[in-house]
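With chain L's structure known, arrange chain V on it following the hints.
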Amino acid sequence: MSCLIVQSDKTLLLEVDHEQADACRRAIAPFAELERAPEHIHTYRVTPLGLWNARAAGHDAEQVVDALVEYSRYPVPHALLVDVAETMDRYGRLRLSKDPAHGLVLTTTDRPVLEEILRSKRVQPLVGARIDEDTVVVHPSERGQIKQVLLKLGWPAEDLAGYVDGEAHPIELDETGWALRPYQKQAVEGFWHGGSGVVVLPCGAGKTLVGAGAMAQAKATTLILVTNTVSARQWKHELMKRTSLTEEEIGEYSGTRKEIRPVTIATYQVLTTKRKGVYPHLELFDSRDWGLILYDEVHLLPAPVFKFTADLQARRRLGLTATLVREDGRESDVFSLIGPKRYDAPWKEIEAQGYIAPADCVEVRVNLTESERLAYATAETEEKYRYCATTASKRKVTEALVAKHAGQQTLVIGQYIDQLDELGEHLNAPVIKGETTNAQREKLFEAFRQGELSVLVVSKVANFSIDLPEATVAIQVSGTFGSRQEEAQRLGRVLRPKADGHEARFYSVVARDTIDQDFAAHRQRFLAEQGYAYRIVDADDL
Amino acid sequence: MDTAEPRTLAEDLRARDDDALARLLRARPDLLTPVPNDLTQLATRAATRASVLRALDQVDAFTRQVAEALAVATDPCTYEALHVLMAGTQAAGGAPPLGEALPADRAAAVTAALPDALERLRARGVVWGGEDRLRLVRAARDVLAPSPAVASATGLGPSVGEATAGMSPARLQEIVADAGLPATHDPVSATRALAELFAGSGGLAPLLGTAPEGVRTVLDRLVWGPPYGEVRDATVPVRAKAATTAVQWLLARGLLLPAGPQNVVLPREAALALRGGRAHRSPEPAPPPIASVPRTARTVDLTAAGQALTAVRTVAEVLAAWDTGGPAVLRAGGVSVRDLKRTAAALDLPEPQAAFWIELAYAAGLVAADGEVDEVYAPTPAADGWAQLPAEQQWSALVAAWLTATRTSGLVGSRDPKGRALSALGPDLDRPLAPQVRRAALDLLAELPPGAAADRDALLARLRWNRPLRPGAEALRTDLLDWTLLDAEVLGVTGRGALAAHARPLLAGDPTGAAGRLGPLLPEPLDHVLLQADLTAVAPGPLVAPLAEMLGVLADIESKGGATVYRFTPASVRRALDAGRSAAELQSFLTAHSRTPVPQPLSYLIDDVARRHGTLRVGAASAYLRCDDDSVLAELLADRRANGLGLRRLAPTVLAAQVDPTALLERLRAMGLAPAAESPDGDVLITRPDARRTPPRTPPLPVTDGPPVPDDALLGLAVKAIRAGDRAATVSRSTPAPRDDGGLPRSPAADTLATMQAATLTGESLWIGYVNAEGAASQRVIAPLRVEGGYVTAYDHTADETRTFALHRITGVSTLAETDNPS
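If you read the sequences in order, they're chains L and V.
Numbered according to UniProt numbering, the first sequence spans residues 1 to 542.
Numbered according to UniProt numbering, the second sequence spans residues 1 to 823.
So that you can see chain V by itself, here it is in the shape it has in the complex:
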């Protein structure tokens, strides 16, 4: 510290060295945008409420408690006073303390932790000033100090001075007298005397010693907060002699002060004295420990590795399921509930899990919307690259994406504040807190010895200590932690709740190292399967990619996991044949990859399906040509003029054509042939021009010249409106002289009022300008009836009814010429 005490935060900052300033800016990056011009500007910005709130959100629970204590302390505050607020008064001799003292070990821990916590606040620019003049920036004090509207975490009420702000000096003197203090000259010294009485160690104890039964009970209820209590007649002055109840006893002596007609409050100084000087019931100088549940590191790693393989496979399955175009993109973005269900069914997983894998694939850039007119989700080009990687690298890519993703699949299916359901891949799934929680939780797990798992509640308590959040955010964090633990388990980042060894390099930002450690744990891909006579094939481990791909086409998957069970069915074999394989190819493929001879029923199945495959052929033609004389057809095929018709011989007497029958007939006729059209039943069609008809239509209505004739009611209204407008426009205006330009009449407010009042007496009509609530100005002719409370009640000739006009909206008034007066 400089020898000269800084007087402002700016001066304090100015006195700090560059490193300290850098620390400040690192801790509060929001101060840098835009870069402040000078330290005064920096200090101003650092003292703004929004920025201070953000800074306070980043500190741990103990540091926050220190800030809260400073907020209820006097400003400025000495280090000793702060220490008392945190650790309590030491029960060293003298009167026994009024409140329960902090256990000695806890008090020692607080004493040890306090300088660091204070330094953290100072580094963040929330506290400044020297050891004996600690100042909390005003915005922080406003946020943290108790006020009637916002309860403080300390559970303390307002100080005597604040609580007696509206009290009459006479009443104050009564309280001072009843508290056993000499009378003072003014309210300020009275409150000071009271505060000193409560705060001083010698004052309160004797006072309470004389208290009747029940007083301590009332105080005990309020002392640790909330400090407000509900009573009847809080504001009725009570003298000590007249007090009958415990509350009245306290009210008479100022130990309770009225906070409203039905509420009383325990003033801060009294509460602190009763608490043994402490601002918090349980200061938390040290983070709550995380009890570790030991597991074998080997089991953890193997379990996680197994799960990692499943994770990679599941994502591959998502990509495969969407390979030929996935679900349509909703108009608002995202996947519909039905499509999610379908994908979940395809993956054989519950929907929330399916949503997780889809979001993961999206976060890793493996699927995206294709941006076409009928937009659908589909794998990206990156997915093809990913699919070629070895499993361990696929995994590290997925986990790296998961660690930093702000998208939160756990929210899928819940509703946003507007009641809209949140869909997978849809908008509003981003939660900036998500990667922070993931990171924090995994970092905590990483601190444990290898293979040790942690209790979820312990993790949550630790996260809460590390960074207390507002209640809304806290609920989200609890959810996020649960999701994180779940996701980490299914991703194989953790195994049985403990961080796997192969996940540690990822936390250090080394995906290659992670993949390197995972690789040896994964089972070696196999190049063979076991074929069985019940038409199943079992792959007793993961298969090499080409084999898995081919088997996936040739057989249906029955069971997944460490091994895969495939079943051959006629349909699956046909699928392989459709994909262009021949029966011989399939047979040799199975022979090559089976460790045992191919069972006879299986090879028979393949041959049997192949025998029938393709015996029926299907194609598209627009028309056909039939002729019993096949030489005519041969001639036609050879004719160059028939080139554009797309003719192809299907049988000796049948040709298929790729143009429609009408065009075909015309072209053939043009070639000098005489074709006849055939109906679907094979009859010759007789052609005759078709008469064309519209669907049923009603005849049009006659259109008359000019607008429709108005009815009587409409006419009456129109005439009235015209007359009223006319009157307003043509009145001869008397005093004060209206403007000639036909604008609103203007007159001073006093004149307006006088003219109105005169008109109520005479009953004459007036011409006024009036501005309505929407700000629209109009002119009206009114006959005032009453003027009271700033309003004129008058008969409005324009609207033909009695209305109320606000005087302050009347721009001016002018009397009508005698001839125009309707009355």
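Just chain L, with the same shape it has in the complex:
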């Protein structure tokens, strides 16, 4: 009995407790996407994108079929094998390459394919003159665009045009007192080998260091794109601490400061600011000959940045994220524009290695009082979630939870400012929200890190990239409806390994029998699929 079951819908079920599971995982990882990783059986999916990425990484159909046939417990459906071979065969019929005379050209080994794609209305504006029957000029600025379009047409182009080195700048990792963890090294290697791509690591697993490692590999000027100013400061701080870079070499390009230095950290917000119909800060991309562009929290990449990124195909790009689930379903755009997934580790695996803290996730079901239920039943549809998420019953339970964990560093996270203000008042804790100044935020975070404050109430501004290593308990009182990645990011706040190695707690307070409960179920799905089993307890049992 072997460990893999190949389903006809192209999912692969891997029994993780099996002795061959590790070998099998290695064999299928190049072409199959890990979709779910609960405790016993992991689900992988074979997608065209995954197969093409495998081709790009030098695997061929024979290897894929062999891996499936070797580890499969039951006969592999023939149709699936045929489909794998056919799909992989589509890759590489078209090639993007540099031509000494014509610049960027698209060549084909299969003339009808070229004819077919040239007939497409979406390809036509992207290509120039036909050089000969097998070759056509591509406008250099459309390199990303044409790759994206060809991918959608089902004829992915092999990009052999290479990368520009960019302006060289010495960057070294300063590994005194610490070292890159094995998986971080693998991630950096995976990225560098592939040239461009996305690294997926759990929150708290040290994605910044993967970025720093990549910079040390590139040894070139680097543009880092992050979500907000606090996060930009943290990057700067971390880079100064972990690499040979000095403060003068790192610039911040945000709403307040506009510094362009060999390593520049910019926020998505400033890039996407639009004045009089144009993006005035776009020139940042061209202001230096960047050798590497880093995208932090790539799952949040705003749509305009996708467009700019399409023009940057000649530069190395690294995307970092914990949760490549986008509620807008644009994961494939991330893959085609920034690059394929180069490294991915299940959360539980990193946890098993001790690099992130184990977490106990608890959903607390709160019974609403009768009057609250009545008010909920009569609320307008669009107000229903807000109402049930902010009921007084939930507040009381939250207070009880905080009291239960008195003395532990506790974060209370919510969506609605009124609710947070009210909670802050009752808990006698400061509230960090959108209107809190950056200086004030950093002051409060620092106080929390130092243990001067034990309870902090935060809005969704603290969803990402806030490094609070000592937070042990997180209590979520409301969220952005059913956002799966928000849930994961919030859990990530408490996953930094603790000094004493104890377990983190993540509470999600949910009003029973309301839409709050449905959203909670949806939010938890990503984490449940990563193997985080939520316990459900009744508030009355606490």
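One or more of the hints may lead you astray.
[What the hints assert, rightly or not] Each computed EDC-like pair below joins lysine to aspartate or glutamate, with the alpha-carbon atoms no more than 16 Å apart:
hint, chain 1, residue 1, chain 2, residue 2
1, L, 98, L, 83
2, V, 560, L, 9
3, L, 10, V, 196
4, L, 396, L, 538
5, L, 404, L, 249
6, L, 10, V, 348
7, L, 10, L, 99
8, L, 433, L, 418
[Unchecked claim] To give an idea of the interface, some chain L residues facing chain V are shown, with a C-beta separation under 10 Å as derived from the structure:
hint, residue
9, 11
10, 36
11, 41
12, 81
13, 307
14, 310
15, 314
16, 513
17, 515
18, 527
19, 529
20, 530
21, 531
22, 534
Think of the hints as simulated: they come from the structure by calculation, not from any bench.
The beta carbon of each residue, even a glycine, is placed where N, CA and C say it ideally should be.
This is chain V only, laid out in the frame that chain L set:
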């Protein structure tokens, strides 16, 4: 053979022994219905065109080629002549042959295969006679011999005799002279001389030796057929001296003969000589080989077994989907396109595949129309029996049904010649060829070594050789073969294109043996699943039936295949509760069948759904009774007179009743109570008699006595008609004496014509009887104007217009009495 040569097919049959006759009847079963009285009758029937056609359709390509060769040979034909037609003249010394010779190995193969092929034709009663007098039955010759209308597979044209049939003897003599032959006495000997010149090996070569350039090119184009060429002025006689073009050169010498004003034909004898005597360019004495693609037998069997399991499951899914009544039966029969789509979506398969499984279930007798008023498809009682069988027996039952079914699901969605779409389970899906092709294709696969797959094109070529078909049927066969290979793969009869070991006994008609061989290959059904905290359950293999059934209710299926992934949702748990399970039962069921502890979120989910399940109750009542004094209600419940009201206490002050409010009010009043009716809002209803109104109506129109008054135009027409009829009835008829009974006038045709012609001169009117194109007879009064070409143009008084009458339709004529003549 008897010493006495048979003179007819009947005599030939009479001379055969009983075994030979039995062989004939086995090969041509249509000769047996009804059983012929004697051999003469049998021979007559065997020689009919329909029966011969059918017999020829059953033979292989080489045998058919032999028959075709006999059809272009002289009748009777010697074995040697036939051999030359098949294998060509041997290039043994003498002049080099005109045509390309058959390669020696092929010629040898033809020589070896010819006696058997001839014997097959003889056994089928298509050929008779001794070795030196081989006769093809006339109907076969008519079918196979080339004629101007039907091209022959040989590509040969008509013989010199046939092609010169309409030619003037003088022209024939010119050709004979130009061909370099002495003049003959009559056309018959002239054509014979020409034919002998062409056929004889010594005649044609010298003739062609003198030919100008271009002649060989023309001949090369026609020699292997089609033998007809298009030219200008084919019929204009050309003498050898006057010939300027290559075609004219050939026409002058009779090597091309006119076949119409614009067409010429290469006569058969000349073509045969140019071909080196062969009737076919490439005789195919041996079946084309089927190259086998080797695969591991084990892989083939496992793949097929996996697919067999999927097949059984898919059919089970069809049955489950239709368990509570499937799609409605269309008026013409079959499933509508929308219902097919729906079923396909339920099975998660493309529609053609869904159609296949539905048809398979139907062919196996597992689903059928229920025959109710609103007819729907539903599983049959046999389906319940089938569902209880082990998987391997389920499979063998399905495949046995598939092998012999004439219904062809591949046709679903296409249109019949009348443009109607063919629907699944609908009419017109039967193709008698389908099981034959299936059988033939699988038999060919069975001949290959175990685990060897075959190329589809090779299979098709072999099927074509085994049994050549007419073009229409051939297209269908190509489709059928493709479908067969596809179906066999999804059914698990083949794996990766090779016949699975477990399918071989089925071909030998042994379903039990097949099931026995399949059984060990199928995975053992499991009795456990893996439950996970993300609310999924994974069955890492097929489940035992009761477990699968229960899980199917309790959870939604997310992924199918070797394993099954189930997801628990509040809705799915509620479904299980609705099906009568309790939360405790579900919990213990999961505990019993999970190898790992039941995850807390799952047991919480079940308890949470169960907590809310049934807290709201829904029932039907026709009326309710409400009373603030609950003792009145208690009294009422106890009252025996209230028995028929179906009262039930819902709350201390509320009763539900099963009769409508009006009846309830009446009954309660009869019991001496004083109830009041309530509106839906709870107000007391004041009753007063309702005034009843119809919908808007228009007042009726007055009805007058008798028919409506006619208008002037109608009246005018009526009067004219009456007058004309009157004239026809009252004329005093003169010669020839009309009949007194008022029937049609009769006169001999010559008299009719003479009277007509006289009338055109005098301008008088005549009374005629006329039968129109539909055969209806009428009497008319006409004034003839012209008589020509068998038609009379005349003024018709009856219709008041000038018309043309065909003379042969006029039954007779009679002049009008002087007083009646209108002119």
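Verification of the hints:
1. With a C-alpha separation of about 32 Å, the suggested pair residue 98/L and residue 83/L falls outside the 16 Å cut-off, and the hint is violated.
2. Taking the CA atoms of residue 560/V and residue 9/L, the gap is near 7 Å; set against the 16 Å cutoff, the hint holds.
3. Between residue 10/L and residue 196/V, the direct Cα distance comes to roughly 74 Å. Violation of the 16 Å bound is thereby established for this hinted pair.
4. For the hint linking residue 396/L to residue 538/L, the alpha-carbon distance of about 14 Å falls within 16 Å, and the restraint holds.
5. Using a Cα cut-off of 16 Å, the hinted pair residue 404/L and residue 249/L is violated, with the two alpha carbons roughly 47 Å apart.
6. Among the hinted pairs, residue 10/L with residue 348/V is consistent with the structure: their alpha-carbon atoms are about 13 Å apart, no more than 16 Å.
7. For the hint pairing residue 10/L with residue 99/L, the CA-to-CA distance comes to about 39 Å; that exceeds 16 Å, so the pair is violated.
8. Restraint check for residue 433/L and residue 418/L: the C-alpha separation of about 11 Å stays at or below 16 Å, so the hint holds.
9. Here the hint on residue 11/L is kept, as its CB sits about 5 Å from the closest CB of chain V, short of 10 Å.
10. At a threshold of 10 Å, the smallest CB-CB gap from residue 36/L to chain V is about 7 Å, leaving the interface hint in force.
11. Contact between residue 41/L and chain V, as hinted, is supported at the beta carbon level, the nearest pair being about 5 Å apart and thus within 10 Å.
12. At about 9 Å, the closest approach between the beta carbon of residue 81/L and any beta carbon in chain V falls short of 10 Å, and the interface hint on this residue holds.
13. Interface restraint check for residue 307/L: the shortest CB-CB distance to chain V comes to about 36 Å, outside 10 Å, so the restraint is violated.
14. Interface restraint check: residue 310/L against chain V, minimum CB-CB distance 35 Å, threshold 10 Å, status violated.
15. A cut of 10 Å between beta carbons decides the hint on residue 314/L: the least distance to chain V is about 41 Å, and the hint is violated.
16. With its C-beta approaching chain V no nearer than about 7 Å, residue 513/L sits inside the 10 Å limit, and its interface hint holds.
17. Nearest Cβ of chain V to the Cβ of residue 515/L: about 13 Å, over the 10 Å cut. The hint is violated.
18. For the restraint placing residue 527/L at the interface with chain V, the shortest Cβ-Cβ distance is roughly 9 Å, inside the 10 Å limit, so the hint holds.
19. Given the 10 Å rule on beta carbons, the hint for residue 529/L holds: about 5 Å separates it from the nearest Cβ of chain V.
20. The closest approach between the C-beta of residue 530/L and any C-beta of chain V is roughly 9 Å, which is under the 10 Å cut-off, so the hint is satisfied.
21. Here the hint on residue 531/L is kept, as its CB sits about 8 Å from the closest CB of chain V, short of 10 Å.
22. The beta carbon of residue 534/L is positioned within 10 Å of a beta carbon in chain V (closest approach about 6 Å), and the interface hint is therefore held.
Hint compliance for this structure: hints 1, 3, 5, 7, 13, 14, 15 and 17 are broken, all remaining hints hold.
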